[in-house]
Amino acid sequence: MNTTTTKGQRSCIACGTPAAKAGLLRIVRDPSGTVSFDGTGRAPGRGAYVCSAECFAAACKKKKLDRALKTTLGSDEYERIAADVATASREAN
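For the sequence shown, position 32 (counting from the first letter as 1) is numbered 32 according to the numbering used here, and the numbering increases by one without interruption.
A portion of the hints provided could be inaccurate.
[To be verified] Calculated cross-link-like contacts (lysine-lysine; reagent style DSS-like; alpha-carbon spacing at most 25 Å):
no.: 1; residue 1: K61; residue 2: K21
no.: 2; residue 1: K21; residue 2: K70
no.: 3; residue 1: K61; residue 2: K7
no.: 4; residue 1: K7; residue 2: K21
no.: 5; residue 1: K62; residue 2: K7
no.: 6; residue 1: K64; residue 2: K21
What the hints contain is simulated information worked out from the structure, not anything from laboratory work.
Could you put together the complete structure from these sequences and hints?
What follows is the structure, encoded as structure tokens:
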């Protein structure tokens with residue numbers, strides 16, 4: 001039996017594209033309820049992955065980030081996280 005593993009595979013919440021965990025950007029809701037960008041990919045809490053700043057914007061527009069993190073985000077939180085995601089997206093490319 002020949003099996004292949006997809007260790008570390010995650011899907012973008014906006015477009016659904018599967019990718020290696022290291023190739024995606026992670027947004028996390030920590031146990032205290034604070035939502036932030038996770039540059040390390042290892043912060044504790046509920047995480048959601050996006051593949052680019054454009055997908056982050058699409059996820060915000062359709063409230064997919066709220067559903068994935070099981071919380072409600074305000075516009076100021078979206079803007080704060082969007083700035084971090086945009087910076088990380090530029091650094092990755």
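Under the criterion that the straight-line Cα-Cα distance not exceed 25 Å, is the pair K7, K21 satisfied?
holds, 9 Å
Decide if the proposed pair is consistent with the structure: K61 and K7, CA atoms, cutoff 25 Å inclusive.
violated, 30 Å
Starting from K62, check that the Cα of K7 is at most 25 Å away, please.
violated, 29 Å
Between K21 and K70, is the straight-line Cα distance small enough, at 25 Å or below?
Cα-Cα ~21 Å, so holds.
When you check the alpha-carbon spacing of K64 and K21, does it fall within 25 Å?
Holds, at roughly 19 Å.
Is K61 within 25 Å of K21, Cα to Cα?
This hinted pair holds, its Cα atoms lying about 23 Å apart.
The structure does not agree with the numbered hints 3 and 5 stated previously, though it agrees with the rest.
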